Amino acid sequence: MESLGVSADTTSKFLAMPDTAETLIELAGRLCYESYELGLNPNVTRIRKESKEYFENILVRGDGSIQEHGTCSFALLNVSRILTHELARHRVGIAISQESLRYVRPKEIRFWLPDELTEGQKEAMIKAVETSEAAYRALEAKIPWDKLSMDEKKRLTSALRRILPDGLATHVVWTANHRTLRWLIEMRTDPAAEVEIRMVFDQIAQIMVKDYPLIYQDFVRKELPDGTGTWHPTLRSKV
Numbered sequence: 275m276e277s278l279g280v281s282a283d284t285t286s287k288f289l290a291m292p293d294t295a296e297t298l299i300e301l302a303g304r305l306c307y308e309s310y311e312l313g314l315n316p317n318v319t320r321i322r323k324e325s326k327e328y329f330e331n332i333l334v335r336g337d338g339s340i341q342e343h344g345t346c347s348f349a350l351l352n353v354s355r356i357l358t359h360e361l362a363r364h365r366v367g368i369a370i371s372q373e374s375l376r377y378v379r380p381k382e383i384r385f386w387l388p389d390e391l392t393e394g395q396k397e398a399m400i401k402a403v404e405t406s407e408a409a410y411r412a413l414e415a416k417i418p419w420d421k422l423s424m425d426e427k428k429r430l431t432s433a434l435r436r437i438l439p440d441g442l443a444t445h446v447v448w449t450a451n452h453r454t455l456r457w458l459i460e461m462r463t464d465p466a467a468e469v470e471i472r473m474v475f476d477q478i479a480q481i482m483v484k485d486y487p488l489i490y491q492d493f494v495r496k497e498l499p500d501g502t503g504t505w506h507p508t509l510r511s512k513v
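Under the numbering used here, the final residue of the sequence shown carries the number 513; numbering is consecutive throughout.
Keep in mind that the hints were calculated from the coordinates and are not lab data.
None of these values were measured; they are calculated from a predicted model.
There could be a bad hint or two in this list.
[Unchecked claim] Below, in silico cross-link-like pairs of lysine-lysine (DSS-like), each with a Cα-Cα straight-line distance of 27 angstroms or less:
no.: 1; residue 1: LYS484; residue 2: LYS287
no.: 2; residue 1: LYS401; residue 2: LYS416
no.: 3; residue 1: LYS421; residue 2: LYS381
no.: 4; residue 1: LYS484; residue 2: LYS326
no.: 5; residue 1: LYS323; residue 2: LYS287
no.: 6; residue 1: LYS326; residue 2: LYS287
no.: 7; residue 1: LYS396; residue 2: LYS381
no.: 8; residue 1: LYS381; residue 2: LYS416
no.: 9; residue 1: LYS381; residue 2: LYS401
no.: 10; residue 1: LYS381; residue 2: LYS326
no.: 11; residue 1: LYS484; residue 2: LYS496
no.: 12; residue 1: LYS416; residue 2: LYS428
no.: 13; residue 1: LYS323; residue 2: LYS381
no.: 14; residue 1: LYS427; residue 2: LYS416
no.: 15; residue 1: LYS496; residue 2: LYS326
no.: 16; residue 1: LYS427; residue 2: LYS323
[Stated by the list, open to error] Distance windows between CB atoms, simulated:
no.: 17; residue 1: THR319; residue 2: MET461; range: 37 to 43 angstroms
no.: 18; residue 1: ALA362; residue 2: PHE288; range: 36 to 42 angstroms
no.: 19; residue 1: GLN372; residue 2: PRO292; range: 27 to 33 angstroms
no.: 20; residue 1: GLU497; residue 2: MET399; range: 25 to 31 angstroms
no.: 21; residue 1: ASP485; residue 2: MET399; range: 32 to 38 angstroms
no.: 22; residue 1: GLU497; residue 2: LEU391; range: 20 to 26 angstroms
no.: 23; residue 1: MET399; residue 2: ILE368; range: 26 to 32 angstroms
Beta carbons are placed, not taken as given, at the ideal position from N, Cα and C, and that holds for glycine.
Build the full structure now, drawing on both the sequences and the hints.
Below, the structure is given as structure tokens:
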């Protein structure tokens, strides 16, 4: 920070800050206006010294771009491919690495049923999945897998998966920056959101509020009748 003309005291303050996304975002934001301390930018007559106050001002102003410097990664295990299809719709500011059913031949068909289904509906869906799995296993059993090359296995594995249900459990590593996360938490915990993705983003929101209290200081949770939570920011950033 010496090359920016920042004093030794202010430099020491920032060096002592934790190595987190919040520190990175604050450093990036202050760089834009040279607002590390008074005297660096003649146009700046007031400095928000405390990080909480600084982030509150960022949120009030809607300065979303600097939030993109920090990212979080989540391993979402045994979620449905319905959920991952929804995640894939959000392309800006994210990265996705998902279990490939072109290469992975599932040993079992894992499946989650929403609580909002009646017992009769659950039984009917379980029967439908069992029928699908039986057909899959019958096709699988007729293929001499041990005599095939990996490319041949991949092609047949990809072909067979077409009869498996969208609700099939899968694994995905999902990364998003904080600007994207703020928006997706609000949108995907809305009462109208699909129940599974609302459950996941309710948990993600709780992690974010705990681990990044400055970035998410304005988020408020309201519990819904099904036990999940809907989250809304009181200081809305520009998306």
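Against the structure, the hints come out as follows:
1. Among the hinted pairs, LYS484 with LYS287 is consistent with the structure: their alpha-carbon atoms are about 23 angstroms apart, no more than 27 angstroms.
2. Taken as a hint, the LYS401 and LYS416 pair is honoured in the structure, with Cα atoms around 23 angstroms apart against an allowance of 27 angstroms.
3. Annotation: proposed proximity of LYS421 to LYS381 holds, straight-line Cα distance about 19 angstroms (limit 27 angstroms).
4. With a C-alpha separation of about 14 angstroms, the suggested pair LYS484 and LYS326 falls inside the 27 angstroms cut-off, and the hint holds.
5. Of the pairs offered as hints, the one joining LYS323 and LYS287 holds, with about 10 angstroms between alpha carbons and a cut-off of 27 angstroms not exceeded.
6. Restraint check for LYS326 and LYS287: the C-alpha separation of about 15 angstroms stays at or below 27 angstroms, so the hint holds.
7. Proposed proximity of LYS396 and LYS381 is supported: the alpha carbons are some 23 angstroms apart, at most 27 angstroms.
8. Taking the CA atoms of LYS381 and LYS416, the gap is about 16 angstroms. The hint holds against a cut of 27 angstroms.
9. Restraint check: the Cα-Cα separation between LYS381 and LYS401 comes to about 18 angstroms, which is no more than 27 angstroms; the hinted pair holds.
10. For the hint pairing LYS381 with LYS326, the CA-to-CA distance comes to about 49 angstroms; that exceeds 27 angstroms, so the pair is violated.
11. As the CA atoms of LYS484 and LYS496 are separated by approximately 16 angstroms, the hinted pair is consistent with the 27 angstroms bound.
12. A C-alpha spacing of about 16 angstroms is found between LYS416 and LYS428, which places the hinted pair at or below 27 angstroms, so the restraint holds.
13. For the suggested pair LYS323 and LYS381, the alpha carbons sit about 56 angstroms apart, so the restraint of at most 27 angstroms is broken.
14. Only pairs whose Cα atoms come within 27 angstroms are accepted, and LYS427 paired with LYS416 is accepted, the gap being roughly 13 angstroms.
15. A C-alpha spacing of about 23 angstroms is found between LYS496 and LYS326, which places the hinted pair at or below 27 angstroms, so the restraint holds.
16. Under the criterion of a C-alpha separation no larger than 27 angstroms, the hint pairing LYS427 with LYS323 is inconsistent with the structure, at around 60 angstroms.
17. Checking the proposed 37 to 43 angstroms range against THR319 and MET461 shows it holds: the Cβ atoms sit about 38 angstroms from each other.
18. Taking the beta carbon of each, ALA362 and PHE288 are about 38 angstroms apart, inside 36 to 42 angstroms as hinted.
19. Taking 27 to 33 angstroms as the suggested C-beta distance range, the pair GLN372 and PRO292 conforms, at roughly 31 angstroms.
20. Between GLU497 and MET399 the beta carbons are some 27 angstroms apart, a value that agrees with the proposed interval 25 to 31 angstroms.
21. As the Cβ distance of ASP485 to MET399 is approximately 36 angstroms, the hint placing it in 32 to 38 angstroms holds.
22. At about 21 angstroms, the beta-carbon gap between GLU497 and LEU391 stays in the expected band of 20 to 26 angstroms.
23. In this structure the supplied range 26 to 32 angstroms holds for MET399 paired with ILE368, their Cβ-Cβ distance being about 30 angstroms.
Hint compliance for this structure: hints 10, 13, 16 are not met, and every other hint is.
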